[in-house]
Amino acid sequence: MIPVSYFLVLSILLFVMGTIAFLIKRDLITMFMAVEVMLNAANLAFIALAKSANSIDGQIIVFFIITVAAAEATVGLAIILLIFRQKKTIKSEDIKLMKG
Amino acid sequence: MGHFLFFLLAIICFGSVLGMIISKNQAYNALLLILAFASLGGLFGLLDAPFIAVVQIIIYAGAIMVLFIFVIMMVNVRYGIPPEKKKWTLYLSLGLAVVLVIELILSLKGAFSLPGSAALDKTSPADLGRVLFTEYLYPFEITSILIIAALVGAIVLVKKREKE
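Chains as they are written, first to last, in my numbering: chain A, 1 to 100; chain B, 1 to 164.
Misleading hints may appear alongside valid ones.
[What the hints assert, rightly or not] Simulated restraints, written as ranges between beta carbons of each label pair:
| no. | chain 1 | residue 1 | chain 2 | residue 2 | range |
| --- | --- | --- | --- | --- | --- |
| 1 | A | 94 | B | 28 | 48 to 56 Å |
| 2 | B | 14 | A | 89 | 27 to 35 Å |
| 3 | B | 63 | A | 88 | 25 to 33 Å |
| 4 | B | 110 | A | 97 | 44 to 52 Å |
| 5 | A | 94 | B | 112 | 41 to 49 Å |
| 6 | B | 24 | A | 88 | 31 to 39 Å |
| 7 | B | 95 | A | 95 | 23 to 31 Å |
In case anyone wonders, no lab produced these hints; they're calculated from the structure.
Heads up, the beta-carbon is just placed ideally off N, CA and C, and yes, glycines get one too.
Assemble the whole structure, with the sequences as input and the hints as a guide.
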């Protein structure tokens with residue numbers, strides 16, 4: 001049987017990689033993808049611990065997280081499109097003003 | 001067999017996220033992320049979560065990433081965005097990442113020693129659905145409001161305004 005700790009270590013590594021990608025990448029779309037990586041790391045931890053606790057509740061929570069991530073992706077990508085239409089750039093450092 | 005599958009999927013997942021950090025091309029990043037999500041779906045399958053594994057592949061690797069690729073095509077930045085010139089930001093973020101890893105490991109230390117239970121009793125989609133529609137009925141219904149709000153919000157945001 002695969003120990004839970006393997007999955008938790010993989011989850012930690014994925015979360016930190018997502019954080020690094022969010023911090024060092026400079027285009028908004030890739031930064032947004034990094035957020036998705038972090039969400040998935042959390043999902044992996046939830047499912048690993050659900051199996052360890054012999055309960056199905058963790059899987060339900062992951063189901064909700066995936067739903068919220070889909071909603072978040074829709075709105076986030078709409079905002080990125082809007083920024084690109086107004087400023088003709090998706091580089092994060094070119095977007096400094098709150099009011100376009 | 002289980003260990004072999006775990007390490008194979010974990011290496012694919014880790015490697016594709018690493019490739020996403022290194023690569024500059026957004027389209028490649030999206031494709032690597034699809035690979036990472038698909039291998040995560042395999043890991044969910046290993047963890048007795050067959051329904052979540054399928055949802056992960058259909059919704060994440062399918063729908064959400066298609067949305068990403070669609071936006072990449074619409075935005076269409078021809079030149080890749082070059083990485084940050086200043087070296088110290090890279091070193092600073094790597095140092096902070098190491099600190100974050102240590103912190104997360106320390107905070108999860110208690111969970112590492114948890115036993116991997118042999119197999120979950122109830123994992124079929126029917127069991128999942130039964131719990132979802134009884135115990136978690138209100139969260140489920142509230143989710144529909146969230147999705148409607150996101151849908152309407154996205155349409156209102158992207159719609160081109162009429163010239164008045």
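Practice item. Would you list, in rising numerical order, the hints stated earlier that this structure does not obey? Key: Hint check: 1, 6 fail, others pass.
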